[in-house]
Amino acid sequence: MKPPRAGVGRSALGSWAIIGIVVAIAAIAFVYTAGWLSPQRTTPAKLVSALAPPGGPALGRRRNHVKGVCFTGTFEATGAGTAISRAPMFVRGQYPVVGRFNVATADPNAPDGTVRVRGMGLQISAPGQQIWRSAMISAPFFPVATPSAFYALLLASSSKAPDAMKMFIAAHPEFANFGAWAKTAPWTRSYAEEPYNSLDSFVFTSGSGATSIVRWSLLPTAPAVSVPPEVLAKQDPYFLDQEIAQRVKAGPLRWTMVVTVAAAGDPTADPSKAWPQGRRTVDVGTLVVQDVQPDRDGPCRDINYDPTVLPAGISTSDDPFPAARSSAYRVSYDRRTAEAKYYPRTAPEAR
Amino acid sequence: MADPKKFSPLQRVLHWLMAICILTMFFVGVGMVSTVTPKYLRLIELHKTVGILLLILVVIRIAARWRYGAPALPANLPVPIKLAAGLSHYVLYGLMIVMPLLGWAMLSAANYPVVVFGGLRLPPIAPQGELLHTVLWDAHHYLAFVFFAVVLAHLSAALMHALIRRDGVFEAMSPLPGPSMRQPGG
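One line per chain: the protein sequences are A and B, in this order.
Each number in our numbering comes from the position in the first sequence (counting from 1) with 705 added on.
Each number in our numbering comes from the position in the second sequence (counting from 1) with 25 added on.
Simulated from the structure, these hints should not be mistaken for laboratory data.
A virtual CB, placed ideally from N, CA and C, is assigned to each residue, including glycine.
Incorrect hints may appear among the rest.
Claimed, not checked - Examples of chain A residues lying across from chain B (beta carbon under 7 Å, computed):
hint, residue
1, Ala717
2, Ala722
3, Ile724
4, Thr738
5, Gly740
6, Leu742
7, Thr747
8, Thr748
9, Pro749
10, Pro1025
Said to hold, decoys possible - Okay, derived cross-link-like pairs now, SDA-like style, lysine to any residue, Cα gap no bigger than 20 Å in a straight line:
hint, chain 1, residue 1, chain 2, residue 2
11, A, Lys978, A, Ala875
12, B, Lys64, A, Thr748
13, B, Lys64, A, Val1014
14, A, Lys751, B, Ala183
15, B, Lys64, A, Ser1022
16, B, Lys64, A, Pro744
17, B, Lys64, A, Ala763
18, B, Lys64, A, Arg821
19, A, Lys888, A, Pro845
20, A, Lys751, B, Ile69
21, B, Lys64, A, Leu742
22, A, Lys1046, A, Leu764
23, A, Lys1046, B, Pro152
24, A, Lys939, A, Arg821
25, A, Lys954, A, Pro928
26, B, Lys64, A, Ala974
27, A, Lys751, B, Lys30
28, A, Lys751, B, Thr62
29, A, Lys871, A, Ala881
30, B, Lys64, A, Arg746
31, A, Lys871, A, Leu858
32, A, Lys1046, A, Pro813
33, B, Lys64, A, Lys865
34, B, Lys64, A, Ala968
35, A, Lys888, A, Ala979
36, B, Lys64, A, Val908
37, B, Lys30, B, Val140
38, A, Lys1046, B, Asp163
39, A, Lys751, A, Ala763
40, A, Lys751, B, Val55
Next comes chain B alone, as it looks inside the complex (with noise of 0.2 Å):
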């Protein structure tokens, strides 16, 4: 049976899943930027593979929550924070979706091949062009602070709620089953 505290399990291991993901993009990302190295191919072969997956992770994701929704926040959370969760909920979806449609566009544009998972080749998704190029790369450029920031404030809330506040709004996404998982019936 559904706890109706908790994210379903379809949910909770697309969030870890996802976020393991999305820290890596993060961290292979300004990586590879920054190195002249033979590292430098690896890295760039891996953000783009992983950009890919996580498109197709996002677009399960959504559909799961279109499906099962998300349990309610405690009733005594403030409502500036209720408004900041939700908010930063928004955000979050929106930049899960738009970064690797965005670094997708952005290598179509400047004619470069997408290579991912080892040899697949997809298609471009947007004509070349050196403005349209430039708009792309601006935008998956500093859309990635922005998300990485975005990410860290998610991360500092998902603390506050589960060293202080202590209110079961963590505990809805835990990767663990925990103690607080009703019994069939119970």
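Next comes chain A alone, as it looks inside the complex (with noise of 0.2 Å):
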């Protein structure tokens, strides 16, 4: 064995700069994998603070659907949805419900009555922490393709720059649809009377193994009042709130989940697009609302309504969206818990 040491002086400093050069490749490629060097890159740190009203996010709160209330209820399962998706809370029965009413806009100020778009977040549990969490909206299709194409239309719509909205709807031809539905599909005066749509596409696997690729909505067996837009500008900042206080006094609120399954061929990557008419659609169970509690101190407050929280026997798709909306809203789940000093409890005595 030849003595330790051997050879130390003529090679040492060509073993420093060895030494140097494979740390500083880690450290690079490191500071690279973090998107550091990459400012182009679009994080769900950028997405989310692109989110931003003028007036700054209001802290404490979620980054968008800020405005909202709790609800609990159950999801009382009809059995049909086994047939689909081995999903625990697809079995008959029932099962708690945690969930939030909102209105799609990121600024806490604006009033209920001029958010064309309502949204619902929904969490169903069964046993063996087997979580579904969902957040859906009004609308019938997403207004943007691409979360990309989502991010430039949050640049695009609070740039200074005249024609930024104009070159925006040029490059993206799908944002006329959802332009044409918001200025002819009817308002109405209460949550209980919307439905929520998924729109984006998740795959159900049953218990044999067989999967399809679906889309769900709650449809409301409240009916439809359809209320002009004018008046319901003119309503309190907080109408919707307190209107679905009041109607879930009178009686419990429901509304059918019904799974609808793609076809071959149908545009399943892109919630812009919805699926043709007639596909197979399947009734899994009735949502009921039993109450209502406010935002701030509901328990909806802790739930992060991240559509990636799936039990077993749902998965993500090709659709982008999900990881896209997963990565960003636990963005916004990691701010607003650190900013919750400015978003308070009411103490139980100031109620």
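If you follow the hints, you should be able to join the two separate chains into one complex; please do so.
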């Protein structure tokens, strides 16, 4: 065996250089992976920051769909869903629900009656940590086809350049469909009269392993009464919260959950495109809303309605939105929980 | 027969397996939080699964260290380097234990189900809470950078032993059996 430290001196400088190069490569690769060398990369942090209204985000609160109310109730499964998914909440029975009605705006000062799109966050729980969360909206399709187009929409709508929106619309023709829906679809005076649609597609896996690509909708049992938007704009800024709290006192509110199964060739990756009529549908259950609580103190406050929180039997599809939403919702949750002191819970005696 | 100048084969296998996993965790970790593409979901699933795997491995590793010990450092190693070596190993072991627990607790405090190994649902290990989530999140986040820096220092020291001092310290944890492995009875 040769003596230790043989050859020290002649090659030491070269050896130190090798060590320096190895460490430098590791550090640069790390920094590159983190995106610090790629200012063009769309990160969830940038996406969430771009949602902020001109006055800045509402600290301690959700970065989008900021206004809303919590609700609790049950999901009453018909059992029909077990034919297409082994999710435990499709087995005939009742499952606890914590949800949230909301209006689709990041501006906490926007009056309820001025916001075109309404939404619902929903969590259905089954034993064994089997949790299904979704965040749905009243529009029948999404305004844009891809997450990067959504980011471009946020940048264009907040841009001071006079032709920013015009250029955005020219580059994203699908946005015109949404504009047409927004102009012609009726407005209602209640969260209870709205449908809520997943828009994104997901994969259902049955007990036998068969898969289907689906979207789902919650269809209200309350009849929709059309109200002119001019009338709604004059209502109290929080009239939707007040109305639903009043309405639920008279009795539980119900929605039928309808799952639509895609046929081969349907645009499963693009939530801006509705699927053709006549697709197979399955009535998997009824959402029963029994109680409504304020957003600040209610049980929905602690829930991030991340649409990728799924039970066994449901998984993401080729639709790129759930991943993008999950990454952004997480940033929103991280920020709002860190700022909780700016949105304090009401002390029970103060209510 | 065991070679007193080397770690036991079990310890060497664990070291290099965990080294690969830990390096993967650093890159997956910073990569996943900076993307909105569908990669995000695959990376976060990988990060959780490898994190829980590392938590299991570090328990085995500490048991192996307790059972088999470690070869003595060379007698001629300067005292400050010996101290730094000892301290950095406590820091590395501490981070290997704490980081997966912080990650798991952070997800628990945020009310997220923790799903690993493609469908195993772990119970929460912390109560839901905004303040607790923030504290755990910050700890997991900042300690990750500390961890990476300590690993780089560890890598530099290992290469210094291998290339400059050539004192057998690197060979003690070498992934290969190596020529210095003595024959039984040799």
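For each hint, the structure was consulted:
1. Ala717: holds (6 Å)
2. Ala722: With a closest approach of 10 Å, the alanine 722 (chain A) hint is violated.
3. Ile724: holds (5 Å)
4. Thr738: Because about 5 Å separates threonine 738 (chain A) from the closest Cβ in chain B, which is inside the 7 Å limit, the hint holds.
5. Gly740: At about 4 Å, which falls below the 7 Å cut-off, the nearest Cβ of chain B leaves the hint on glycine 740 (chain A) intact, so it holds.
6. Leu742: violated (11 Å)
7. Thr747: holds (5 Å)
8. Thr748: holds (5 Å)
9. Pro749: holds (5 Å)
10. Pro1025: Given a least distance of 5 Å, the restraint on proline 1025 (chain A) holds.
11. A:Lys978 with A:Ala875: holds (18 Å)
12. B:Lys64 with A:Thr748: Holds: lysine 64 (chain B) and threonine 748 (chain A) sit about 12 Å apart, inside 20 Å.
13. B:Lys64 with A:Val1014: Answer holds: lysine 64 (chain B) to valine 1014 (chain A) is near 16 Å, not above 20 Å.
14. A:Lys751 with B:Ala183: violated (39 Å)
15. B:Lys64 with A:Ser1022: Given pair lysine 64 (chain B), serine 1022 (chain A) holds - Cα atoms ~13 Å apart, limit 20 Å.
16. B:Lys64 with A:Pro744: Given pair lysine 64 (chain B), proline 744 (chain A) holds - Cα atoms ~19 Å apart, limit 20 Å.
17. B:Lys64 with A:Ala763: Status violated; Cα separation ~30 Å.
18. B:Lys64 with A:Arg821: violated (32 Å)
19. A:Lys888 with A:Pro845: holds (13 Å)
20. A:Lys751 with B:Ile69: holds (19 Å)
21. B:Lys64 with A:Leu742: holds (19 Å)
22. A:Lys1046 with A:Leu764: holds (9 Å)
23. A:Lys1046 with B:Pro152: holds (19 Å)
24. A:Lys939 with A:Arg821: The hint holds at about 14 Å.
25. A:Lys954 with A:Pro928: holds (18 Å)
26. B:Lys64 with A:Ala974: Cα-Cα ~15 Å, so holds.
27. A:Lys751 with B:Lys30: violated (52 Å)
28. A:Lys751 with B:Thr62: Roughly 13 Å between the alpha carbons, so the hint for lysine 751 (chain A) and threonine 62 (chain B) holds.
29. A:Lys871 with A:Ala881: Distance of about 11 Å is within 20 Å: holds.
30. B:Lys64 with A:Arg746: Within the cut-off at roughly 14 Å; holds.
31. A:Lys871 with A:Leu858: Given pair lysine 871 (chain A), leucine 858 (chain A) holds - Cα atoms ~11 Å apart, limit 20 Å.
32. A:Lys1046 with A:Pro813: holds (17 Å)
33. B:Lys64 with A:Lys865: Roughly 33 Å between the alpha carbons, so the hint for lysine 64 (chain B) and lysine 865 (chain A) is violated.
34. B:Lys64 with A:Ala968: violated (26 Å)
35. A:Lys888 with A:Ala979: holds (18 Å)
36. B:Lys64 with A:Val908: Since the Cα atoms of lysine 64 (chain B) and valine 908 (chain A) sit roughly 17 Å apart, the hinted pair holds (cutoff 20 Å).
37. B:Lys30 with B:Val140: Status violated; Cα separation ~42 Å.
38. A:Lys1046 with B:Asp163: holds (17 Å)
39. A:Lys751 with A:Ala763: holds (16 Å)
40. A:Lys751 with B:Val55: Cα-Cα ~15 Å, so holds.
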